[in-house]
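These protein sequence lines are chains A and B, in that order.
Number 1615 in the numbering used here belongs to position 274 of the first sequence; there are no gaps in the numbering.
Number 134 in the numbering used here belongs to position 128 of the second sequence; there are no gaps in the numbering.
Note that these hints are calculated values from the structure, not bench results.
We put the beta carbon where it would ideally sit given N, CA and C, even for glycine.
Errors might be hidden in some of the hints.
[Claimed, not checked] Below 30 Å or equal to it, Euclidean Cα-Cα: the simulated DSS-like pairs (lysine-lysine) are:
1) K1490/A - K236/B
2) K84/B - K1584/A
3) K84/B - K1353/A
4) K1449/A - K236/B
5) K323/B - K1490/A
6) K1345/A - K141/B
7) K126/B - K1417/A
8) K1353/A - K323/B
9) K1417/A - K121/B
10) K1531/A - K236/B
11) K1417/A - K323/B
12) K236/B - K1505/A
13) K1505/A - K324/B
14) K1584/A - K141/B
15) K1584/A - K34/B
16) K143/B - K1505/A
17) K1345/A - K105/B
18) K10/B - K1449/A
19) K1373/A - K1537/A
20) K79/B - K1473/A
21) K1485/A - K324/B
22) K1417/A - K236/B
23) K1345/A - K148/B
24) K23/B - K148/B
25) K10/B - K1485/A
26) K41/B - K1353/A
27) K79/B - K1417/A
[As the list claims (entries may be wrong)] Now the in silico label distances, taken between C-beta atoms and shown as ranges:
28) P1484/A - G207/B: 33 to 43 Å
29) N277/B - L1384/A: 54 to 64 Å
30) H118/B - Y1562/A: 24 to 34 Å
31) G1631/A - K79/B: 25 to 35 Å
32) S31/B - N1493/A: 44 to 54 Å
33) S286/B - H1363/A: 26 to 36 Å
34) M1470/A - S286/B: 17 to 27 Å
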Amino acid sequence: MDTKLFLESLCKSKGVSGYEHHLQDTIISSFKEYLDDISVDKLGNIIGIKKGTYNDEKNIKIMIAAHMDEIGLMVKDIEENGFIRFTNVGGIDPRTIIGQEVIVHGIKDLFGVVGSKPPHLQEPSERDMAVKLEDMIIDVGYPKEEVEKLVNIGDTITIRRNIKNLLGSRIAGKSLDDRAGVAALFECMKELRNIKHEADIYFVTTVQEEVSMAGALVSSYKIHPDIGIAVDVGFGSTPELPKSSTIELGQGPAIALGGNIHPNLRRKLVEIAKEYNIPNQIEVNPGPTGTDARAMQITREGIPSLLLSIPLRYMHTSVEVVDMEDIKNTGKLLAFFVASISRDNLEGLLCY
Amino acid sequence: MLLKELTEASGVSGNEKEVRDLIISEIKDYVDSYKIDKIGNIIAYKKGKDFGKKLMITAHMDEVGLMIKDIDKDGFLKFITVGGIDKRILVSKPVLVGKNKLPGVIGAKPIHLQKPDERKRALNIDELYIDIGAKSKEEAEKHVNIGDYAIFDSDYVEFGDGLVKAKALDNRVGCSLLIKLIKEIKDISFYAVFTVMEEVGLVGAGPAAFEVNPDYAIILEGTLCYDMPKLDTHLIPTYLNNGPAISLIDRTTIYNRKFRDKIVEIAEKNNIPYQYRKTSMGGNDSGKIHTAKEGCITTAISVPCRYIHSTASVMSKKDYDNTFELLKEILLHFEKGEI
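Bound-form chain A, shown alone (with noise of 0.2 Å):
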């Protein structure tokens, strides 16, 4: 499949931390053509393996990860004429809720809008104000006894928003944090099909990283690879920010430097992305950086990790947008580092 159709398929779908398994369908029959096994854990992490050169238990394993699951809001309670109150599932900024279309995942799946009070009838003092979250109302069209039998308190809310195709390679969309991630992964197994690798290569779809990595906690204690390397999404550069802080669409994946990050391996990455001239950046990421990479850095006895973040702009709204050509090179890249590690270069490149 192509991995940009892929790509769209899986933004339109819905994953809400600890939902992902509505993803498993799609991930795991695109998957699985370039894979030697593929196979669902306890959690729902979905864990491939492509088998490197040598099948002896001295492989060399390399886990690469990027979460499936995405932010969303949660059903909290059904007003008298039906409206629905709801709650955030990781971290919302309510100010880009409010309006919205949304889709309640109900018995089935319900069609609702997040209502916004007319300009007409708001005070002045009103207008500067954000709108909370506990204010806001999702209308779904139907009276209480009915939205009662569709809608359970507890059922996961996504924004309804299919991927809109901006100027040249890029996208806008919802969910694209990290689902651009795993579209990479797919991006690399495509590349590894005519790439040797000596290494066993390991792509899993963590679920949970937007509230607690347990995903990839897990997912890395079973694996227990020689190397973790987790692949998410970076601040793209917008005007308001600042560039110090920033990477920048379309030239290519950053490359995490900090704390988190093997600085060998690091080392090794960079000369990689140099040898086969993929653009690349820097990422500045001093201390634990929140993504699937933290949690595999201090799993069992420690993974020596890697951390590839996929440019993006408006992180966490339903308008991210993100560069094609950086997912292709994400890809590309990470497909050429895996292949780069041999029994014979590990251990060297592990020393500190």
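Let chain A serve as the given structure and place chain B on it in line with the hints.
Below, chain B alone, put in the same frame as chain A:
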């Protein structure tokens, strides 16, 4: 479906061409004459029985939207609002820019990089911009001109218990009702007028009324509906599903009592549900129409629309049908000379 086509068409105030062309293609075979006047209104005449008075029925074609005012050095588009838009509903929404409907999005600062206090404050229009994916000012300039209009990227959806979600229900719902009247009413003469630029100060209605010089005018609208739970009933302007809303007073007109009473009588006699529009806020083309030339008698009859002036307004098909039924009965009474 006509309401789908009408609401998905682009027609920000001053740029009604797409809507106007669509309306003309719909009505041209059903009217005896029509013209586009000097400022873009459609003035159509349908000849039937002459009942001694001139009746004009109007609906405005325009919608609220955005206009591009600048392209910044990195290719982001700065904009101004056209008509009354709550700036807070713009964040994190897709839009379509210009004639070719180029997709763009209005983004927002990631929550991770915000200070907690920022979230309590609404973003000002000056802080917002449209991202069309351009890599530079030069690339953006190839696709967008200063002065281009942008509309909300919002499709027509039927949902819930007979409800419709669309952009611009204010006032394509009025346009749709008027087109249906033109197509279905055969026995009575009336002027059907589709006006421009209502949302920016009732611009089109005055010159149109000057030209037609009616005795009676019926203004068709999609109006405020805010039937939130736990709100005192006197604060609710209209309810969804309670039938057409008949205006009492707004910022532009105190509606003729006798005409209003007659309409209520007609609704009751025919068992058509109706409600009063219980707010003095807002206004419509009646403001200019009832004061044109020597004046005329007006009424405003509206389909209640929730979340009006946003990307996703909501109406009930039941209200739409009941509004049409009421209009049909009113015209029948004109024909019989009972108004």
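Right, here's what the structure says about each hint:
1. K1490/A - K236/B: Satisfied, since the Cα-Cα distance of roughly 22 Å is no more than 30 Å.
2. K84/B - K1584/A: holds (20 Å)
3. K84/B - K1353/A: Holds: K84/B and K1353/A sit about 29 Å apart, inside 30 Å.
4. K1449/A - K236/B: holds (28 Å)
5. K323/B - K1490/A: holds (23 Å)
6. K1345/A - K141/B: holds (20 Å)
7. K126/B - K1417/A: Roughly 22 Å separates the two Cα atoms, so the pair holds.
8. K1353/A - K323/B: Holds. K1353/A to K323/B sits at ~28 Å (cutoff 30 Å).
9. K1417/A - K121/B: Holds. K1417/A to K121/B sits at ~26 Å (cutoff 30 Å).
10. K1531/A - K236/B: violated (56 Å)
11. K1417/A - K323/B: Holds, at roughly 29 Å.
12. K236/B - K1505/A: violated (38 Å)
13. K1505/A - K324/B: violated (33 Å)
14. K1584/A - K141/B: Since the Cα atoms of K1584/A and K141/B sit roughly 15 Å apart, the hinted pair holds (cutoff 30 Å).
15. K1584/A - K34/B: With a Cα-Cα distance of about 57 Å, the restraint between K1584/A and K34/B is violated, given a limit of 30 Å.
16. K143/B - K1505/A: holds (21 Å)
17. K1345/A - K105/B: holds (27 Å)
18. K10/B - K1449/A: It holds: about 25 Å lies between the C-alpha atoms, which stays within 30 Å.
19. K1373/A - K1537/A: holds (19 Å)
20. K79/B - K1473/A: violated (34 Å)
21. K1485/A - K324/B: holds (19 Å)
22. K1417/A - K236/B: Judged against 30 Å, a Cα distance of about 17 Å means the pair holds.
23. K1345/A - K148/B: holds (25 Å)
24. K23/B - K148/B: holds (23 Å)
25. K10/B - K1485/A: Roughly 28 Å between the alpha carbons, so the hint for K10/B and K1485/A holds.
26. K41/B - K1353/A: Cα-Cα ~45 Å, so violated.
27. K79/B - K1417/A: violated (44 Å)
28. P1484/A - G207/B: 33 to 43 Å: holds (39 Å)
29. N277/B - L1384/A: 54 to 64 Å: This hint holds: roughly 59 Å between Cβ atoms.
30. H118/B - Y1562/A: 24 to 34 Å: holds (27 Å)
31. G1631/A - K79/B: 25 to 35 Å: At 31 Å between Cβs, range holds.
32. S31/B - N1493/A: 44 to 54 Å: holds (47 Å)
33. S286/B - H1363/A: 26 to 36 Å: violated (48 Å)
34. M1470/A - S286/B: 17 to 27 Å: holds (24 Å)
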